[in-house]
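The chain contents come next:
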Amino acid sequence: VKRSTGVWITGVGAVTPLGHRYQAIADNLLAGRSGICKVTSFDVAQHPSQVAAQIDAIPCPSNWNEDDFRRLLRLEQVTHWCCTQALRDAGRWGDRHNVRFGVVLGLGAEWLTLWDADVKRGGQRIFSPQEQTEPLARAVCRRLELSGPAVSVAAACASGNYALSLARRWLELGWVDVCLAGACDAGVSPMGMAGFGNLRALSRRNDAPQAASRPFDRGRDGFVIGEAGAVFVLERAEAARARSAHVYAEVAGCGASSDAHNMVIPSPDPEPAIMAMRRALADARVEPGAVDYINAHATSTPVGDIAETNVLRAVLGDAVRTVPVSSTKSMTGHCLTAAAAIEVLACLAAMERSAVPPTVNLDDPDPECTLCHVPHQARSQPVRVAVSNSFGFGGSNTCLVLKAAS
Amino acid sequence: LLKHADEQTVVGLAAVLHAAQHERLADEDFTLWGVVAAPCFLGRATLVSAMARFDEEGAWGLSPHFIPHRSQHAVSGTISQVLKIHGPNFGSGGGPGGVTEALLAGAVLLEGDRPPGVWVVVSTWEPELIPDAQGEPTGPTTCHAIALALVPSRSGWQGPRLRVAPRMDGAGRSLTADGGPSVAALAAVLTALAATERPPTPALWRWDASGLLEISRGAAPPIRAEQTGQPTPTALEAKR
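Protein sequences, first through last, are from chains A and B.
Count the first sequence with our numbering and you get residues 1 to 406, in order.
Count the second sequence with our numbering and you get residues 1 to 240, in order.
No lab work stands behind these hints: they were computed from the structure.
Just so you know, even glycine gets a beta-carbon here, dropped at the ideal spot from N, CA and C.
Hints are supplied without guarantee of correctness; some may be wrong.
Said to hold, decoys possible - Here are the computed lysine to any residue pairs in the SDA-like style, where the Cα-Cα straight-line distance is at most 20 angstroms:
{"id": "1", "chain 1": "B", "residue 1": "K84", "chain 2": "A", "residue 2": "A211"}
{"id": "2", "chain 1": "B", "residue 1": "K3", "chain 2": "A", "residue 2": "N262"}
{"id": "3", "chain 1": "A", "residue 1": "K120", "chain 2": "B", "residue 2": "G135"}
{"id": "4", "chain 1": "B", "residue 1": "K3", "chain 2": "B", "residue 2": "G61"}
{"id": "5", "chain 1": "A", "residue 1": "K120", "chain 2": "B", "residue 2": "K3"}
{"id": "6", "chain 1": "A", "residue 1": "K120", "chain 2": "A", "residue 2": "T133"}
{"id": "7", "chain 1": "B", "residue 1": "K3", "chain 2": "B", "residue 2": "V82"}
{"id": "8", "chain 1": "A", "residue 1": "K120", "chain 2": "B", "residue 2": "D55"}
{"id": "9", "chain 1": "B", "residue 1": "K84", "chain 2": "A", "residue 2": "I274"}
{"id": "10", "chain 1": "B", "residue 1": "K3", "chain 2": "A", "residue 2": "L199"}
{"id": "11", "chain 1": "A", "residue 1": "K120", "chain 2": "B", "residue 2": "A52"}
{"id": "12", "chain 1": "B", "residue 1": "K84", "chain 2": "A", "residue 2": "S267"}
{"id": "13", "chain 1": "A", "residue 1": "K120", "chain 2": "B", "residue 2": "G58"}
{"id": "14", "chain 1": "B", "residue 1": "K84", "chain 2": "B", "residue 2": "E28"}
{"id": "15", "chain 1": "A", "residue 1": "K120", "chain 2": "B", "residue 2": "W60"}
{"id": "16", "chain 1": "B", "residue 1": "K84", "chain 2": "B", "residue 2": "T31"}
{"id": "17", "chain 1": "B", "residue 1": "K3", "chain 2": "A", "residue 2": "A211"}
{"id": "18", "chain 1": "B", "residue 1": "K3", "chain 2": "A", "residue 2": "T133"}
{"id": "19", "chain 1": "A", "residue 1": "K38", "chain 2": "A", "residue 2": "A211"}
{"id": "20", "chain 1": "B", "residue 1": "K3", "chain 2": "A", "residue 2": "V264"}
To be verified - One side only, chain A facing chain B, incomplete, derived with CB under 7 angstroms:
{"id": "21", "residue": "G108"}
{"id": "22", "residue": "G122"}
{"id": "23", "residue": "G123"}
{"id": "24", "residue": "P129"}
{"id": "25", "residue": "Q130"}
{"id": "26", "residue": "V151"}
{"id": "27", "residue": "A156"}
{"id": "28", "residue": "Y162"}
{"id": "29", "residue": "N198"}
{"id": "30", "residue": "M263"}
{"id": "31", "residue": "I265"}
{"id": "32", "residue": "S267"}
{"id": "33", "residue": "P268"}
{"id": "34", "residue": "D269"}
So here's chain B without its partners, still in its complex pose (with noise of 0.2 angstroms):
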């Protein structure tokens, strides 16, 4: 089956497969979630080989295995079929500020009658894989994954929460950065709120001009909410 994936979908399903064993969710059914994946750049190295090879062998070089695997959809398209998932899935993002595209994408498909909960699966290399004209990385590269499971918030609830506000109410309060969170601060975020015995400081950023994402854990001062779920975060390396 992942024969033919690109390396952030395999690094994207063993994050998602690592969370997954997490006791926190050890009771959950996943048939009916939805997945949405992020990949930053996907299929960027084999687009170079690919092309130099149409070059060498003509229409015939192109394998047939590189538009399904290399297209913004084969990382949540993988998941979904790996963990038999039969709610939605799609790609997200694609670039730069992928991460907060998936969380907005994701988060809302938990609003109302919706799947029970949602694989949110961001991933990147870093720093960034340049290819030569052989489709091979110029320097020493290594692909990060995360995968959170969102899923509704619930009374009590102390772990992580995500909260997606559209207008900054949380006026006053600084933000963890310009921008939107990159895979590597989502990840330093996540282990943050994971080792520390109080609850830390809720990591804040934008979304637009106005709106807000906040990662935080426990009982926050809340900014308002319109959609809540809370992460399972994990985090896995490979070696490229």
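Isolated chain A, as found in the complex (with noise of 0.2 angstroms):
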């Protein structure tokens, strides 16, 4: 392994509540906008939160028959769309044939939500083991014609972090030339809101959906569910080089660790995710006063702030007075599986456009979550590196450090 190859992000793909084309969703986020609004798709008025950030139509990728993707189910749709446009988006679209190009998607409950999705339109599959067995992430590779490996991974909403990180790995070993990184979630539905919500994990501030997500502000009381997709072209540096490709940024860290506490709780030592980061900032090579921009997992759940500030401040030390950290998910809802994979999207913003995207509701900050916050509107700086944190239900703490590619 070549350590000082590099892997570069040279193409981005997404479907989020702010728009589905980076710049608008950069735009968006930049600007301190809200995706989130009452749910109008589904009837909720049973449901203890009725708020969500949703995605409208999903555009039809260019290489498909309009009426063949409308049939397709919605989180299909979500991943058929980012993986293409990333494609594209890199100028990897006409030479995808000619190299070994793989696919690591982020994909929490692929078959549970397709099910739900495929009853709700009046299907069976679920009753039936001979209907649709393909996975997603393969139907990718068979759509788009690609010849590497394809894998699923699943880390709640850890996922993305996790697909970058293998991704990123597989190109370092060789494995592939191109990679498809990324994480897709369509978890809006009834199922889902009533999962999440009978655990209590929900904003039930259902009067003012642009409000209800409010990450480390006194008067947070959960999260707001999302739906979002996410995906990138990895390559070696020294490919993109080549050829000249646009470049967002370098993967140049990960780390990941596991609570070993509770399936959805975090836990209260704080120990394994500051693991996490750690690791994720040595293997990048940085040090924690180096960091431009922290986006944080930070939910906006009561106990997850507390227990990630608890985490910030340990691995920054003095540096926690003066390293931005905001939580977009105040805008974007949090996307569950899809949640880390937008984050990278928001870091990629930041990056592009030196700017830090803000905390918007972050009215009144918790004395719990002392941090060097960016409420409300965007701060100006340069942003060179920038840290995602994205823990998950399974304990999983993962922490992806992105660079500018040099």
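Dock the two chains into a complex; use the hints.
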């Protein structure tokens, strides 16, 4: 493994509550716009939480027939759009057959989501072993005629970071020449909202949807469920350089650990999450004080935001007073399996635009969450090193370090 | 802890606990190991009953345990919690081909300055559990799981060996089967490896257009190895 090689992000495909093109999403994030609203696509009268960050129409990729694409289930549409768009954005559409192209997708509950959506549409897939047994990651490979390996990973909200970490390693090992990596979720459904609602994880601020997601704020009362997808093209630096590719950032460091405490509740012991962050920074050879921006996991739950604050204080040390921290979930909601990938996109936007996206709704910072916040409005400053934390059900702690490519 | 767990979680955990007692692992400290688990069609029957209850009782009818214990990370997360494993844990696969996906994901974790070992746990119902409208199985079925303890290659190792090779350097060698191994096929290979005095023919599967997965024993003729590990197999069954 040549550690000096570097793995770069050269393409982005996304669909989010804030848009379905990278530039539009970046504009909205940095303008502090919220994608959260009252759910109207199904009856939520009996649900404890009635707000969500939903994707509207998912664009049809140009290589699909519109009718065929609309017959796909929502998660399938999100995934195909993101992968196709990322390939095109990277300028790898034309030569995708000539290289070994891998796929690593974060898909947290692929089959449950698809079966549930199929039943809602009158289908019977869940009762039939013969119907549709092709995993989505492989369907993407087949549809895009990619020849490399296809793997899905699932670590709840941390899935996207695992996907990028795995893809980076495949590239370093020479298993693939180029890799699509990211995560997708279409979890805003009656079952999804009921499941998280009954866990008492969701905000019940139903009368003010855009104020419902308020990470680090004293008035937070749970997260707002969201849905989205973001997929990136990763390739080795020398290959990207050789074809003069547009480069978003280097995937410079990854760290992961497990709480081994509870399937849902974060560990009161911050050490495992600290370990994940320190591993990622060490992997990237970055000192805490050199970090320009941290996109926090901060979902807006009472317990989770305090737990992460303690982790950040321990990892950053004195730099905790100066390293800007924000949670873009205040605008995108918590996009579950897709969350980490969406937040990588937010970091790319921060690096490209030299501006730190804000935590909107941070009107009254919780004294137990004292950090160098960026409330309400984006902060202009160069961002050469961005860190994205993502923690998930199952006790997963992950941290990704992105660097400006040199 | 396991009250709300899926059967594949319980059987997968049992396989890990069984394997951990193997003499080869007697001195291992699993604290920093990784866990990669690939259950197949996790939660299919439970989803049917959950949807029925949702239709009858509305949103409040859905158990708060459904999502944490039926999502694809549930098996790896539970194993991590039970064994107090603080290394990475995540799910992989989810449908057919999950064994290959888990091996590809698990083997790569061992590269470089990474966990000292990785549990790769694969499970499935055989035959596939097809639920009726109430979520009950429509026929007899058995839940199977295999736990593999992967550690980096050690010199002189004569036990089972996993190799993941990105190029078809084993040209001319016949594949064990088209596509990757099923849980049953993996169990058969591991059983054969354990039972034979002489090293049997290595089992070979493709993991994409040109990559190979090889499971062998002892000093099998090497294909170019990009990642190696030594699986310590065990297979358990639980009747539903």
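Would the hint on A:D269 be counted as holding, given a Cβ-Cβ threshold of 7 angstroms to chain B?
violated, 10 angstroms
Does B:A52 sit within 20 angstroms of A:K120, going by the straight-line distance between their CA atoms?
holds, 12 angstroms
Hinted pair, alpha-carbon criterion (20 angstroms max): B:K84, B:T31. Please report holds or violated.
Distance ~6 angstroms between B:K84 and B:T31 Cα, so the pair holds.
Restraint check for B:K3 with B:G61, where alpha carbons must lie at most 20 angstroms apart
Status holds; Cα separation ~18 angstroms.
Measuring from the C-beta of A:P268 to each C-beta in chain B, is the shortest one below 7 angstroms?
violated, 14 angstroms
Is the interface hint satisfied for A:V151? The criterion is a beta-carbon contact with chain B at less than 7 angstroms.
Holds - the Cβ of A:V151 comes within 7 angstroms of chain B, reaching about 4 angstroms at its closest.
Between B:K3 and A:N262, does the CA-CA distance stay at or below 20 angstroms?
holds, 14 angstroms
Assess, step by step, whether the Cα of A:K38 is no farther than 20 angstroms from the Cα of A:A211, and give holds or violated.
OK: A:K38 and A:A211 at ~11 angstroms, within 20 angstroms.
Does the CB of A:G123 sit less than 7 angstroms away from some CB of chain B?
violated, 12 angstroms
Per the CB criterion, is A:I265 less than 7 angstroms away from chain B?
violated, 10 angstroms
Assess, step by step, whether the Cα of A:K120 is no farther than 20 angstroms from the Cα of B:G58, and give holds or violated.
holds, 15 angstroms
Take a quick look at whether B:K3 and B:V82 sit within 20 angstroms of each other, Cα to Cα.
holds, 13 angstroms
Going through the hint list in order, the structure does not satisfy hints 1, 5, 17, 18, 22, 23, 25, 31, 32, 33, 34.
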